[in-house]
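A.B. asks: Use these hints to put chains H, U and A onto chain X, whose structure you have.
There are 4 protein chains.
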Amino acid sequence: VIRLRAMERDGVLRFPVIAVNDSDTKHLFDNRYGTGQSTVDGIIRATNVLLAGKVVVVAGYGWCGRGLAMRAHGFGARVIVTEVDPVKAIEAAMDGFAVMPMREAAPLGDVFVTLTGDTKVITPDHVKAMKDGAILANSGHFDVEIDLPGLRAMATEVFEARPSVQGYRLRDGKTVFLLAEGRLVNLAAAEGHPAAVMDMSFANQALAAEHLVTHSKEMIAKVYRLPEDLDREIARLKLATMGLAIDTLTEEQASYLASWREGT
Amino acid sequence: VIRLRAMERDGVLRFPVIAVNDSDTKHLFDNRYGTGQSTVDGIIRATNVLLAGKVVVVAGYGWCGRGLAMRAHGFGARVIVTEVDPVKAIEAAMDGFAVMPMREAAPLGDVFVTLTGDTKVITPDHVKAMKDGAILANSGHFDVEIDLPGLRAMATEVFEARPSVQGYRLRDGKTVFLLAEGRLVNLAAAEGHPAAVMDMSFANQALAAEHLVTHSKEMIAKVYRLPEDLDREIARLKLATMGLAIDTLTEEQASYLASWREGT
Amino acid sequence: VIRLRAMERDGVLRFPVIAVNDSDTKHLFDNRYGTGQSTVDGIIRATNVLLAGKVVVVAGYGWCGRGLAMRAHGFGARVIVTEVDPVKAIEAAMDGFAVMPMREAAPLGDVFVTLTGDTKVITPDHVKAMKDGAILANSGHFDVEIDLPGLRAMATEVFEARPSVQGYRLRDGKTVFLLAEGRLVNLAAAEGHPAAVMDMSFANQALAAEHLVTHSKEMIAKVYRLPEDLDREIARLKLATMGLAIDTLTEEQASYLASWREGT
Amino acid sequence: VIRLRAMERDGVLRFPVIAVNDSDTKHLFDNRYGTGQSTVDGIIRATNVLLAGKVVVVAGYGWCGRGLAMRAHGFGARVIVTEVDPVKAIEAAMDGFAVMPMREAAPLGDVFVTLTGDTKVITPDHVKAMKDGAILANSGHFDVEIDLPGLRAMATEVFEARPSVQGYRLRDGKTVFLLAEGRLVNLAAAEGHPAAVMDMSFANQALAAEHLVTHSKEMIAKVYRLPEDLDREIARLKLATMGLAIDTLTEEQASYLASWREGT
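Note that the protein sequences, when read in sequence, are chains X, H, U and A. Residue numbers for the first sequence follow the numbering used here, beginning at 1058 and rising by one. Residue numbers for the second sequence follow the numbering used here, beginning at 1058 and rising by one. Residue numbers for the third sequence follow the numbering used here, beginning at 1058 and rising by one. Residue numbers for the fourth sequence follow the numbering used here, beginning at 1058 and rising by one.
Bound-form chain X, shown alone:
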């Protein structure tokens, strides 16, 4: 999506696109609750590490990163967050997590997970500073978040420690473990997102496709988000399948909210 927006900016996007990742029912749930659980799941299946008492370094405090921070903490890990955005960094701090640059986190972490959508978030310099036995994983986007060519260049030996776990024996005698060859650890080492979050994501894709077909006349070559009423409709259906009921605004409440005339 970051790339489609760049294409729109450069004027090279040639058809309308609905960025379903912008839907509340997609990014709030799939990215946060789905990625949070499935990333922890992937790490534990690959390594059988006990997270309680471990230091987990979470690179990036977007929806995916905060999902992982929440779940790693929920399994008893101490979480360090690295960020480039000062607003997200304060949020992480006020959510109770340690915040510091990666170069300071490197010697403290037991497990490192990148969820930034960016490149070279973990570099050979960081790896040099890590503890023997450190575990590296990516749950963000492509396998460029950890600098793999850099890592390979540091290693005297690469060996299969367990399925989905490669040991990198480094020149200084330490070994670090790379999960799923730096690809998405929740897809490679676990089953990806549970059905309970994917249903909303698929609903988004289906309704987006239908919307593109039925409104093709009015739409131009632009990145849209799914109309808000469809987004909420998905939420309403999901609530029902969860067996949850909520309140409805009375007319008096709706008009109170809408009006500036009362109350002041």
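Possibly wrong hints are sitting among the right ones.
Remember, identical chains collapse to one label, so a pair may be satisfied in a single copy or spanning two.
Once the Cα atoms are required to be at most 20 Å apart in a straight line, the calculated EDC-like pairs of lysine to aspartate or glutamate come out as [as the list claims (entries may be wrong)]:
1) Lys1177 to Glu1309
2) Lys1177 to Glu1308
3) Lys1279 to Glu1290
4) Lys1231 to Asp1189
Treat the hints as calculated values from the structure; they're not laboratory data. If you're wondering where the values come from, they're calculated on a predicted model, not measured in any experiment.
C.D. replies: Showing chains H, U and A alone in chain X's frame:
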């Protein structure tokens, strides 16, 4: 702010307004972390109730509501969330809170707090269903969130139980306790927000005022948000005062993020 | 161990036994942190269920049960605890969990896990009251905690839904899912406890065996616990391997603690 | 109680004593849930500090210390635990808290609270290493946990910053703040324990007094704990007042637990 937007919509707003509540450094922090702590603080100072093991009903899962839910849970309470927005309701459920309509929550709660910005969120019908000894408070906006005239009409006696705590003896023999006469409990019964969140809010107001003066020519009678670069500058200053450092994008990383050409 | 104590009471125990499960370094860690993580892990591997927003019913709030309650909550589930011990029940309530008898929890739960060491904790009557799709697992002791003969008698069909997951089609049309045939779900569907907790357990067994050999003369046919200094020695070694240092009492502090003469 | 045990050991205890602090319904609740909430309450009332994003150093991970750690964390603080007991130190680590000696924690903390029952837990050397503005409080026992004479000797000026808050201007230009003159901060700056935990403590004292009178003949000059059946009776009554019901062992379950004959 809800009211100013209504005025803009009605064409009766006569000057530019910067809605500082829209700034990330305002609504993310002041409303969530400030209201969360100060509301719990206000309730405990007023009542000295032990929250551990109690059921706290949080009406509204906006930033204030989720701040309170987080802190009440952090003090050992079980939290029930009531909402009218299905997206927020699913979020509350996936954050681990019970979600239900107020009429179902009424007989279960020990403490009820409204944070909706709306009116008559707690009605006489709800109060009738409550347990003897239930505690009612508002930490949202005006003293209309709990229907006070309705509550008074139900009572055979109103007495001062403790400072900031009024007992309402009801016709059916039960007593419920209203904190701070339905006004903001964190201001009335505690000291309001700690300085550590208010500094960002005041910075928003100061920079907004300056921006209005220096850009008055270009601005029309509209509700603006503070320019994003000022918002981030406040965050950057705040981080520094917290003694926290963060990472900076390298040129390679910034251009990777900006470009759609690499990586696919 | 419960059984060995019963044998001691009945006078039929014929040799000294060291109940390593009584060691702090065993029951506090292995049972709580090990079982907590590995039970959640086993349930997710077997079912790929998203725990966020689900209701997990934990039968038994001993060390295993509170480990699971803590980790299920840490994954976003709402936890209901069932207990027979009033002290543990209040603890569960003050730790923020719902507490109720199993017959009230039955219609509310999405996932049920028994960790009691007892028999028939989940009966056909409970299963009758459950939701369609409920998941049943045991992480306590033997496969008697869920009444399996009773469950089989209720079913019109038993089918393999996924590996380690049996679907029981019930006469009323609902299906419930039994994990690992009612055996320990963390051993059957995951890898059991992580090495990081088992090391302390194995150290307990090794030191207990050595202690039995070297002190066989003084010991009678009784259930002992590992001498406390060995227990603490294991903890000290574990701390060192975790890279953690702690404080040491100064002479002044040790004598202050030991003496009643000062301070009052 | 530590002192009464020392007296018993020294043979100078002259009458039977029931250490009600040993009752489960006392130490598990009053010390943990009561102290946890009231200590945070005392600190916030005295200082109005925002705990979110702050580092709180908790000296001692007994019941009081873990109560405070739990609640400070619940308010968004990062918690560092200092301990002298290796078992408690591992527990703290696996509960997700940082563990280190006080001399390492000193430069990191924003708020320091002692809950050890010991003396000179915070010394002038520690204070020298602290940040400007650090807050010191005691919630353990006597006002000897922080070395007050040592602190005074370091100060060029002592001033009343707010009620219950003394500023100590140090020779190096920094100021640290001492709450409640080093006495119990939850009693001095707040209202002490909420009634909801004190009721169980008072019940313990009342039943202990009655037990001493009715069983005076059989009891010798020793430190007893309250008989377990009375302890559980208190728990049962408390549960009822909380409106909570629990399960009861069936005869089959009770005999299964008691017997070693079945199940293996």
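A.B. asks: Give a verdict on every hint.
C.D. replies: Right, here's what the structure says about each hint:
{"no.": "1", "hint": "Lys1177 to Glu1309", "result": "between (54 Å within a copy, 9 Å between copies)"}
{"no.": "2", "hint": "Lys1177 to Glu1308", "result": "between (54 Å within a copy, 11 Å between copies)"}
{"no.": "3", "hint": "Lys1279 to Glu1290", "result": "neither (24 Å within a copy, 31 Å between copies)"}
{"no.": "4", "hint": "Lys1231 to Asp1189", "result": "within (5 Å within a copy, 39 Å between copies)"}
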